[in-house]
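Chemist: Chain A is fixed; fit chain B onto it per the hints.
2 protein chains.
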Amino acid sequence: MLSFNMLEYQERIRKTKQRMQAEGMDLLLVTDPANICYLTGYNAWSFYVHQMLVVMIDEEQPFWIGRGQDASAAKHTTWLDEDHIIPYEDDYVQSDVKHPMDFVAGVLQKKKQDNRVMGVEFDAYYFTAKNYIQLTAGLPNAIFKDATNLVNWVRIIKSEQEIEYIKKAAKIAEKAMRTGVDSIWEGVRQSDVAAAISHAQISGTEDFGGDYPSIVPLLPTGEKTSACHLTWTDDVLQNGDPVIIELAGCYKRYHSPLARTVVVGKPTDQMQYIANIVIEGINMALDAVKPGMTCEEVELVWRKAIEKSGIKKESRIGYSIGLNYPPDWGEHTASLRPSDHTILRPNMTFHMIPGIWLDHIGIEISESFRVTETGCEVLADFPRELFVRPNIRLA
Amino acid sequence: MLSFNMLEYQERIRKTKQRMQAEGMDLLLVTDPANICYLTGYNAWSFYVHQMLVVMIDEEQPFWIGRGQDASAAKHTTWLDEDHIIPYEDDYVQSDVKHPMDFVAGVLQKKKQDNRVMGVEFDAYYFTAKNYIQLTAGLPNAIFKDATNLVNWVRIIKSEQEIEYIKKAAKIAEKAMRTGVDSIWEGVRQSDVAAAISHAQISGTEDFGGDYPSIVPLLPTGEKTSACHLTWTDDVLQNGDPVIIELAGCYKRYHSPLARTVVVGKPTDQMQYIANIVIEGINMALDAVKPGMTCEEVELVWRKAIEKSGIKKESRIGYSIGLNYPPDWGEHTASLRPSDHTILRPNMTFHMIPGIWLDHIGIEISESFRVTETGCEVLADFPRELFVRPNIRLA
Chain A
12 MLSFNMLEYQ ERIRKTKQRM QAEGMDLLLV TDPANICYLT GYNAWSFYVH
62 QMLVVMIDEE QPFWIGRGQD ASAAKHTTWL DEDHIIPYED DYVQSDVKHP
112 MDFVAGVLQK KKQDNRVMGV EFDAYYFTAK NYIQLTAGLP NAIFKDATNL
162 VNWVRIIKSE QEIEYIKKAA KIAEKAMRTG VDSIWEGVRQ SDVAAAISHA
212 QISGTEDFGG DYPSIVPLLP TGEKTSACHL TWTDDVLQNG DPVIIELAGC
262 YKRYHSPLAR TVVVGKPTDQ MQYIANIVIE GINMALDAVK PGMTCEEVEL
312 VWRKAIEKSG IKKESRIGYS IGLNYPPDWG EHTASLRPSD HTILRPNMTF
362 HMIPGIWLDH IGIEISESFR VTETGCEVLA DFPRELFVRP NIRLA
Chain B
12 MLSFNMLEYQ ERIRKTKQRM QAEGMDLLLV TDPANICYLT GYNAWSFYVH
62 QMLVVMIDEE QPFWIGRGQD ASAAKHTTWL DEDHIIPYED DYVQSDVKHP
112 MDFVAGVLQK KKQDNRVMGV EFDAYYFTAK NYIQLTAGLP NAIFKDATNL
162 VNWVRIIKSE QEIEYIKKAA KIAEKAMRTG VDSIWEGVRQ SDVAAAISHA
212 QISGTEDFGG DYPSIVPLLP TGEKTSACHL TWTDDVLQNG DPVIIELAGC
262 YKRYHSPLAR TVVVGKPTDQ MQYIANIVIE GINMALDAVK PGMTCEEVEL
312 VWRKAIEKSG IKKESRIGYS IGLNYPPDWG EHTASLRPSD HTILRPNMTF
362 HMIPGIWLDH IGIEISESFR VTETGCEVLA DFPRELFVRP NIRLA
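As given, the protein sequences belong to chains A and B, one line each in that order.
Each number in this note's numbering comes from the position in the first sequence (counting from 1) with 11 added on.
Each number in this note's numbering comes from the position in the second sequence (counting from 1) with 11 added on.
Calculated from the structure, these hints are not laboratory results.
Do not rely on the hints blindly, as some may be mistaken.
As the list makes no split between identical chains, a pair holds if one copy fits it or if it spans any two.
[What the hints assert, rightly or not] In silico BS3-like cross-links for lysine-lysine, where the CA-CA straight-line distance does not exceed 25 Å:
1. Lys121 <-> Lys315
2. Lys323 <-> Lys86
3. Lys109 <-> Lys323
4. Lys301 <-> Lys182
5. Lys109 <-> Lys324
6. Lys86 <-> Lys26
7. Lys28 <-> Lys324
8. Lys182 <-> Lys324
9. Lys315 <-> Lys156
10. Lys324 <-> Lys86
11. Lys319 <-> Lys186
With the rest of the complex left out, here is chain A:
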């Protein structure tokens, strides 16, 4: 069941402990589902209840602590021994009387860890304020330190095996985008386009099936292309509608995102103008990428490329990607934006998405890429253009 060999997991634990040591942390309390998966292999849709991975600096294996009915998922999907899988009873679930973090505090007390320095992912998904309040109340002798993104930063450079998975994800992204573009016609329901994309994402290719991406297909249409994170309705597409498709292929939880914009019928001059500028900017930025550069330097190449166009772009143009769970496929480490001084290294992977969202129109064209020894490799092979689809109403 494991997606990686044990040496790779051991290396991840080693690097994590190295960072813990540098921060003076004896324990690391991990709630980000991607980080739990990264360190142990754990893979189940159980993050809707509280669960936690406890890495102890002086213990080889971390402890998984979660709901009783999910302990079986820990046995099936992780490399942990059974005595490192600690279930809590079901009446802790979504209760206003008992809280799972009281249980976690009890476990740490029993293990005589309650007076140690604990790194906690303060700003991770699913680490709620209540988690923190209960933990600090239950462990009054512990010292808590912010460990937000500690493991995420270990994740930023991908192994060869991870790159192989991301490349498979990119193949799925190509297929899903092709399916999405080809399913757009005047008169088609948005939901039918989304359904076709989702089918392609999960069925994958003949050689390998797909996993669920951390974000559903985003599909803003018409004037609502100005709102990048809209999904779909069951309204039908109209002649002249622009349609943004933002999706990812996903393989064993590794993502390769991709965005394109499609127009039903003829694009306006404005749409085509923006698309051309964005494509030129992406081309120049991708051409410039090489190891040793900083993230902000990549963004600057883009910024200069579009400078004379009259188009302004205030938001970041990309971010690190890889292993993830809902609600985000971004890694929360490096962003392609001013003041991000992260130095690009081989096998970092990014989604470059310089979306342009004006008052009544948005255009998204994006690429995911891997930093190589000499430059970068674009992950998905998909025409970098504004797509035009027939304004012929289907029967």
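Modeler: Relative to the frame of chain A, chain B by itself:
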């Protein structure tokens, strides 16, 4: 774009303010995406960055505070005036220097709200410990109270319009389950089954398209049926494999979940025995449901029904459902379990899912139901049985 008329939104705000008043709260800070949608209509996949709805007891409209590029989604999907939509700049996003809650604190200070009593959803998804730390630091004169599930409890009794949406979701659930069951054969990849289900969920029916459910199809197979929250792999199904399908239909973010178990080839006596007991228990519990009963009384009917079978069930057998966003379609209010004294009222809706997970086999058969004036109405019309599919390998 609004899914409900303004009177319904106003009523929701009124009931929310009533609860705020009872708790002595001047402000309510809402992060649960379902609660934000419930109160304003806001609907976008933007909950992967921090956002917040602020309800002030003495202000008619709440304030939406979120990322700049999502303000357009707020304009397109909510009933809020533009001056109640407050965007923050993009460099607050996933930064270790600036935090969106600093911005929120600044907004509340400017509006002279910084010395008031604030209800905060301490245990809501996406309200991180960091959010709380930054808010308390930025608003030292405010008093914070726990408002976890305050709005969720307003949501528990559904309106006629909400029931109509849930019934549409149930139609989609029927179609998706039929598609899932029919796509199971020996030799089929799990991912192809999941793809077919997802397509059916999103394409919906001829009359209405589907929305994305808050949880992807769960598809544990073989021995891994003991682990209820596993998704799928691209392994092929084998003769003798049990397959659990847990899914929901979703319409305008309203859910109707449904679970069934399917066997490739002949079920073992044990599988059939468990399935029969579960079905009998569900039948008796559903027959017993009527308004005025408590949640624990419903569970007791189930518990007594299976008492002599030798099968034990420690976890809750159901929970309230309705409007939701990833990662959960459960409402986090009432659960069908001992010590839950919530009284059933007409138009409450539940997912009754008494899953049985043993060491090497799990069986799930479930129904979603609405409490009526006299009893209950099962939402999806789908045979309540253990399904058997051909052990014929496809070409």
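Chemist: Each hint: holds or not?
Modeler: Results of checking the hints against the structure:
1. Lys121 <-> Lys315: neither (59 Å within a copy, 36 Å between copies)
2. Lys323 <-> Lys86: For Lys323 and Lys86, the Cα distance is within 25 Å only across copies (21 Å; inside one copy 51 Å).
3. Lys109 <-> Lys323: For Lys109 and Lys323, the Cα distance is within 25 Å only across copies (22 Å; inside one copy 51 Å).
4. Lys301 <-> Lys182: within (23 Å within a copy, 52 Å between copies)
5. Lys109 <-> Lys324: Classified as between: cross-chain Cα gap 20 Å, same-chain 47 Å, threshold 25 Å.
6. Lys86 <-> Lys26: within (24 Å within a copy, 45 Å between copies)
7. Lys28 <-> Lys324: neither (39 Å within a copy, 39 Å between copies)
8. Lys182 <-> Lys324: neither (29 Å within a copy, 44 Å between copies)
9. Lys315 <-> Lys156: neither (40 Å within a copy, 49 Å between copies)
10. Lys324 <-> Lys86: Classified as between: cross-chain Cα gap 20 Å, same-chain 47 Å, threshold 25 Å.
11. Lys319 <-> Lys186: neither (35 Å within a copy, 53 Å between copies)
When the structure is compared with the earlier hints, violations turn up for hints 1, 7, 8, 9 and 11 and for no others.
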